[in-house]
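Novice: Listed below are the residues making up each chain.
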Amino acid sequence: MPREVEPSQNEKQFFTKALSENIRIDGRGFDEFRELSLEFGDEHGVADVRLGKTRVLTHITAEVTSPFPDRPFDGLFTITTELSPMTSPSFEVNRPTETELLLSRMLEKTIRRSSALDTESLCLIAGQKVWSIRADVHVLSSDGNLTDAACISIIAALQHFRKPDTSTSGEGVTVYTLAEREPVPLSLLHHPLCVTFSFYPPPAEGNGEGEGEITLLDTTHLEESLRAGSVTISMNRHGEVCQIAKLGGVAVDAVTLLHCTSVALVKVKEISAFVAKRLEQESRRKDVDGKMKTLLSSENARIPG
Amino acid sequence: MAPSSTQQVLLSPAELSYLHTSLSLDPPVRPDARTSSQFRPLIAETDILPGTNGSARICFADGTEAIVGIKAEVEKSRPSYQASADRNVAEDDDDEEDEETRRDEQLAKEKKGLNEWVEMSVEIPSFRDDDSMPVFMAAMLSEALLADGAFTNKLWINRRFHWKLYLDILLLSQPLSYPLPLLSLTTHLALLSTRLPRLKSEEDEDPLFDDDWAASVFLYPRTQSLIRPPVTLLVMSVGNNIIFDPTKEELAVAESVLAVSVGERPQEKSQGDMDVDSGKPARDLRLLAIRTIDPPSRLTPAGVPNTLNTATGGTAAGTTEQASSKRETMEEEGVWQPPRGGAKRKLIAAMIQAVLARGGVAEEVLDGLDAVELG
Amino acid sequence: MPLDTSTYSLALLRLDGRRWNELRRLTAQISTQAAADGSSYLEMGNTKVICTVTGPAEGKRTGGAGTGGGNEAEVRVEIGIAGFSGVDRKRRGRNDKRISEMQTTISNTFASSLFTHLYPHSTININIHILSQDGSLLAACLNASTLALIDAGIPMRNYICACTAGSTSSHSANDEAADPLLDLNNLEEQELPFLTVATVGESDEVAVLVLETRVQMGRLEGMLAVGVDGCKQVREILDGVVRRRGKRILESAAV
Chain A
1 MPREVEPSQN EKQFFTKALS ENIRIDGRGF DEFRELSLEF GDEHGVADVR
51 LGKTRVLTHI TAEVTSPFPD RPFDGLFTIT TELSPMTSPS FEVNRPTETE
101 LLLSRMLEKT IRRSSALDTE SLCLIAGQKV WSIRADVHVL SSDGNLTDAA
151 CISIIAALQH FRKPDTSTSG EGVTVYTLAE REPVPLSLLH HPLCVTFSFY
201 PPPAEGNGEG EGEITLLDTT HLEESLRAGS VTISMNRHGE VCQIAKLGGV
251 AVDAVTLLHC TSVALVKVKE ISAFVAKRLE QESRRKDVDG KMKTLLSSEN
301 ARIPG
Chain B
1 MAPSSTQQVL LSPAELSYLH TSLSLDPPVR PDARTSSQFR PLIAETDILP
51 GTNGSARICF ADGTEAIVGI KAEVEKSRPS YQASADRNVA EDDDDEEDEE
101 TRRDEQLAKE KKGLNEWVEM SVEIPSFRDD DSMPVFMAAM LSEALLADGA
151 FTNKLWINRR FHWKLYLDIL LLSQPLSYPL PLLSLTTHLA LLSTRLPRLK
201 SEEDEDPLFD DDWAASVFLY PRTQSLIRPP VTLLVMSVGN NIIFDPTKEE
251 LAVAESVLAV SVGERPQEKS QGDMDVDSGK PARDLRLLAI RTIDPPSRLT
301 PAGVPNTLNT ATGGTAAGTT EQASSKRETM EEEGVWQPPR GGAKRKLIAA
351 MIQAVLARGG VAEEVLDGLD AVELG
Chain C
1 MPLDTSTYSL ALLRLDGRRW NELRRLTAQI STQAAADGSS YLEMGNTKVI
51 CTVTGPAEGK RTGGAGTGGG NEAEVRVEIG IAGFSGVDRK RRGRNDKRIS
101 EMQTTISNTF ASSLFTHLYP HSTININIHI LSQDGSLLAA CLNASTLALI
151 DAGIPMRNYI CACTAGSTSS HSANDEAADP LLDLNNLEEQ ELPFLTVATV
201 GESDEVAVLV LETRVQMGRL EGMLAVGVDG CKQVREILDG VVRRRGKRIL
251 ESAAV
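Residue numbers (full-length UniProt numbering), protein chains in the order written: chain A, 1 to 305; chain B, 1 to 375; chain C, 1 to 255.
One chain only, chain A, in its complex shape:
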């Protein structure tokens, strides 16, 4: 298995020196995110998130299957993450690394276990037919902070996705094509997002203000490989914590962690607002497109007549 290249001694020293002078390598503030961009595909349920050089694409698909026998009223929702060798040479196909494992667990806990998607609404006929929603997360380029980017991309894709409309009559289910009926959005109960904080030991000299550890948000790959610990907090914009994961690493004061949650709330509100704005722009664009299409089709219909 190829190993990831560790940052050189020079890089390390430069980074820590800069940090002790309250400077990040790329000049951002400690709690500043990189530039976030969100694009939607032509299809419903495709969201492409860019956070600096990190790029994550999520594709949502739906199909009708039979439910698990022990949960006859619940639809299925699966999140699959794939880190391909394209992202980094240390990832291999069919051999999940620790990064991938933690990423998929984090998304699972944030989105699935906090029941962001109302799985009961996916039920068509109890015990027989349910919708199975599948989110495929593809990491196209990795430059740190995969978790946050992946989470934004899934939440945006879920909101953008439309599943075909259906009608039930007795034992039969009719699934209408997109042309027959307007597809319906998924029923999302809340929109959780992750914010990852990275901790760095306080600079050895200069005891003055830098007493506690330094906390950085939205770390790049280099910053991530040098951190001493991290915590990922998942929240929704109503101030509900869905998940906290501080899996070992350097010990941090409890008060600092509580402070992190309030910072996370601010960030989550910002990102939620951004996602909502982009979704609205997108739907407006679609609407314009849609209207144009109907206009065109009616013109065409008139020509032969």
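Hints are computed from structural coordinates only; laboratory data are not their basis. Even glycine gets a Cβ: it sits at the ideal position worked out from N, Cα and C. Hints may be right or wrong, so weigh each one.
What the hints assert, rightly or not - Straight-line alpha carbon distances no greater than 30 Å define the calculated DSS-like cross-link-like pairs of lysine-lysine that follow:
1) B/164 <-> B/76
2) A/277 <-> A/163
3) B/248 <-> B/200
4) C/90 <-> B/76
5) A/129 <-> A/163
6) A/277 <-> A/12
7) A/53 <-> A/17
8) C/90 <-> B/164
9) A/129 <-> C/232
10) A/163 <-> A/269
11) A/269 <-> A/53
12) C/90 <-> B/112
13) A/269 <-> A/286
14) B/200 <-> B/164
15) C/97 <-> B/164
16) C/232 <-> C/247
17) A/17 <-> A/163
18) C/97 <-> A/129
19) A/286 <-> A/17
20) B/248 <-> B/164
21) C/97 <-> A/53
22) B/200 <-> C/90
23) B/76 <-> A/129
24) B/112 <-> B/200
25) B/248 <-> B/346
26) B/200 <-> B/76
27) A/53 <-> A/12
Stated by the list, open to error - For the chain C half of the interface with chain A, some residues (derived, Cβ under 8 Å), not all of them:
28) 21
29) 100
30) 206
31) 221
32) 228
33) 250
34) 252
Unchecked claim - Computed spacing ranges between beta-carbons, pair by pair:
35) C/153 <-> B/324: 43 to 53 Å
36) C/232 <-> A/239: 24 to 34 Å
37) B/119 <-> A/184: 26 to 36 Å
38) B/218 <-> C/15: 50 to 60 Å
39) C/27 <-> B/126: 22 to 32 Å
Use these hints to put chains B and C onto chain A, whose structure you have.
Specialist: Positioned in the frame of chain A, the structure of chains B and C alone reads:
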């Protein structure tokens, strides 16, 4: 032949030769001064886990430790049982399906169990579940347990339901010596301590059980008849000496190793009465299974005799072929040669005899295990 | 089975008769196994865990793929959940993601709490067997590992002490006045929001914090405070176990 443990003992050819020589003396001199049939002390306790139907833990003197937990669940018997109940049995029909039905009915009548009602799994740290070692261990242990065909009958509830018994055998330490006897003894104790809830329903009703754990019945009832689960013991030979409970160092020079599984025949009442006079009833032991184990000694490096060593004035053989042929023919005292070939039939017979004989080793072990207080 | 929490507000007693700030019975032994370099057995209520430590030793895999090749010892954790540990017999695959996450957590925690730089190019193996589970699984594993590592004599900065803390009403009840709870059992874990917290010794420094259930932000502070307080109690108990063991060794040496 079952594979030997993967943990190699790092002993030099000289050390191996010394060990081998002292073990082939008459009587053998063992490194820990035991007699050839003496067992090392062990620590055993039962009923350690309240969440299981039966459990036991044993620590061997070398620090290896095992825990066995047994869980029983009620399971529906195969549907053919039900079908057979209300189907007219056509005696003269040669249909295969009917053949099976009839067999099942036969089973139901005799309250016979099936081997698939017992599931055994062995977990050894740093081994995967499908590695050969845990798989072989589980196979050998269940082979002994199911050998007499009477064990699964205990799991019969009625025509439609049976107990499914899950035996989870955990080795908690690294497998220092061949862990089969440890696992077997622990399983033995766990089975002895296994209790099933008392059945309240009758005949072929859906089973209903007594909630009171105090009223539960032992899988191996505590009655006069001495039916006990089987034990598997490891016996090794060096020369003509038969050595029991070998340590890993001793196994490293073993010429042959046998895993002998011993069970007890259910005793007839009259016989038991006769023996009562002599203090305690003699056990009627029988052999359930034998497996030869690949002795780890085969993989040890051979010593180089002085005649082949240039450093000690000998002449080294020209080619490797010459060297090996010279070694094959040479019988020099004090130079370690990994054992080759099999064991003599007479020797194997003697080994089995030593296990099974009245007052022999198996009896001693079973007596020892009986002395463990059952909770 | 839904947990009936309605009685709590009446008598302020939990289902098992504890008050909100009471730990379950926590007992532990160390040096339980002679073959391992360090070992421990720990019970937190009905959660029972055996932990053995081998090493620091030369890493088994010399392929160079492991991170143990560096200047610090690698901490490897293997958790086995026994088939008989739950209410129903269940066999878990070794590549269960939840278990892998627990392994990573324990490994990361001790990698920064042990003096791993003293043992370059070596591996410390922690083997954990879960014999019976009734909540607080991760916490029990962390506590047992701490004891086994102490028994193995591997220098560490401080005890890692862990426990769980929850809140008396479920998320949907949305009750801001809900009281925090200490050390949840399995039934309570199923119904109530809870977190696992591990601190470094008696300090307020949090090494591990895992929350997997939805909870209002306002309730988090109370839960965390109770959890950190619980960890201090756990530390006292673990310290007692180690001291008793030390005393016994001294006594046997004196004779």
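Novice: Now, for every hint given, state plainly whether the structure supports it.
Specialist: Comparing the hints with the structure gives:
1. Distance restraint check for residue 164 of chain B and residue 76 of chain B: the Cα-Cα separation of roughly 9 Å lies within the 30 Å cut-off, and the hinted pair is therefore satisfied.
2. A distance of roughly 22 Å separates the Cα atoms of residue 277 of chain A and residue 163 of chain A; the hinted pair therefore holds under the 30 Å criterion.
3. Among the hinted pairs, residue 248 of chain B with residue 200 of chain B is inconsistent with the structure: their alpha-carbon atoms are about 50 Å apart, more than 30 Å.
4. Between residue 90 of chain C and residue 76 of chain B, the direct Cα distance comes to roughly 18 Å. Compliance with the 30 Å bound is thereby established for this hinted pair.
5. Between residue 129 of chain A and residue 163 of chain A the alpha-carbon distance is near 15 Å, which keeps this suggested pair within the 30 Å criterion.
6. Straight-line distance between C-alpha atoms of residue 277 of chain A and residue 12 of chain A comes to about 39 Å, which puts the hinted pair past the 30 Å bound.
7. In summary, the hint linking residue 53 of chain A to residue 17 of chain A is supported, as the alpha carbons are separated by about 24 Å, within the 30 Å threshold.
8. Taking the CA atoms of residue 90 of chain C and residue 164 of chain B, the gap is near 13 Å; set against the 30 Å cutoff, the hint holds.
9. Pair hint residue 129 of chain A plus residue 232 of chain C does not hold up; C-alpha atoms about 51 Å apart against a cutoff of 30 Å.
10. Pair hint residue 163 of chain A plus residue 269 of chain A holds up; C-alpha atoms about 27 Å apart against a cutoff of 30 Å.
11. The suggested pairing of residue 269 of chain A with residue 53 of chain A holds, with an alpha-carbon distance near 23 Å, which does not exceed 30 Å.
12. A C-alpha spacing of about 26 Å is found between residue 90 of chain C and residue 112 of chain B, which places the hinted pair at or below 30 Å, so the restraint holds.
13. Restraint check for residue 269 of chain A and residue 286 of chain A: satisfied, since their Cα atoms lie roughly 25 Å apart, inside the 30 Å limit.
14. This hinted pair checks out: residue 200 of chain B and residue 164 of chain B have alpha carbons roughly 18 Å apart, not beyond 30 Å.
15. Between residue 97 of chain C and residue 164 of chain B, the direct Cα distance comes to roughly 28 Å. Compliance with the 30 Å bound is thereby established for this hinted pair.
16. For the hint pairing residue 232 of chain C with residue 247 of chain C, the CA-to-CA distance comes to about 22 Å; that is within 30 Å, so the pair holds.
17. Taking the CA atoms of residue 17 of chain A and residue 163 of chain A, the gap is near 52 Å; set against the 30 Å cutoff, the hint is violated.
18. Simply put, residue 97 of chain C and residue 129 of chain A have alpha-carbon atoms about 28 Å apart, close enough for the 30 Å limit, and the pair holds.
19. Restraint check for residue 286 of chain A and residue 17 of chain A: the C-alpha separation of about 49 Å exceeds 30 Å, so the hint is violated.
20. Distance check on the hinted pair: residue 248 of chain B and residue 164 of chain B sit about 36 Å apart at the alpha-carbon level, beyond 30 Å; violated.
21. A hinted pair counts as satisfied when its Cα atoms are at most 30 Å apart, and residue 97 of chain C with residue 53 of chain A qualifies at roughly 28 Å.
22. For the proposed pair residue 200 of chain B and residue 90 of chain C, the alpha carbon gap of about 27 Å is at most 30 Å, so the pair holds.
23. Distance check on the hinted pair: residue 76 of chain B and residue 129 of chain A sit about 28 Å apart at the alpha-carbon level, within 30 Å; holds.
24. Distance check on the hinted pair: residue 112 of chain B and residue 200 of chain B sit about 20 Å apart at the alpha-carbon level, within 30 Å; holds.
25. A hinted pair counts as satisfied when its Cα atoms are at most 30 Å apart, and residue 248 of chain B with residue 346 of chain B qualifies at roughly 25 Å.
26. Restraint check for residue 200 of chain B and residue 76 of chain B: the C-alpha separation of about 17 Å stays at or below 30 Å, so the hint holds.
27. A distance of roughly 21 Å separates the Cα atoms of residue 53 of chain A and residue 12 of chain A; the hinted pair therefore holds under the 30 Å criterion.
28. The beta carbon of residue 21 of chain C is not positioned within 8 Å of any beta carbon in chain A (closest approach about 17 Å), and the interface hint is therefore violated.
29. Annotation: interface hint on residue 100 of chain C holds; nearest CB of chain A at approximately 5 Å, less than 8 Å.
30. Against a cut-off of 8 Å between C-beta atoms, the interface hint on residue 206 of chain C holds, since the closest Cβ of chain A lies about 5 Å away.
31. Satisfaction of the interface hint for residue 221 of chain C is found here, the shortest Cβ-Cβ separation to chain A being roughly 6 Å, below the 8 Å cut-off.
32. Restraint check, residue 228 of chain C versus chain A: the minimum CB separation of about 5 Å is within 8 Å; hint holds.
33. Contact between residue 250 of chain C and chain A, as hinted, is not supported at the beta carbon level, the nearest pair being about 31 Å apart and thus beyond 8 Å.
34. At its closest, the beta carbon of residue 252 of chain C sits 36 Å from a beta carbon of chain A; the interface hint therefore is violated under the 8 Å criterion.
35. Distance hint check for residue 153 of chain C and residue 324 of chain B: the Cβ-Cβ separation is about 47 Å, which falls inside the suggested range of 43 to 53 Å.
36. The given range of 24 to 34 Å is respected by residue 232 of chain C and residue 239 of chain A, whose C-beta atoms sit roughly 29 Å from each other.
37. With their beta carbons about 47 Å apart, residue 119 of chain B and residue 184 of chain A fall outside the hinted range of 26 to 36 Å.
38. At about 32 Å, the CB distance of residue 218 of chain B to residue 15 of chain C disagrees with the hint of 50 to 60 Å.
39. Between residue 27 of chain C and residue 126 of chain B, the C-beta spacing of about 28 Å keeps the proposed range 22 to 32 Å intact.
Hint check: violations occur at hints 3, 6, 9, 17, 19, 20, 28, 33, 34, 37 and 38; the rest are consistent with the structure.
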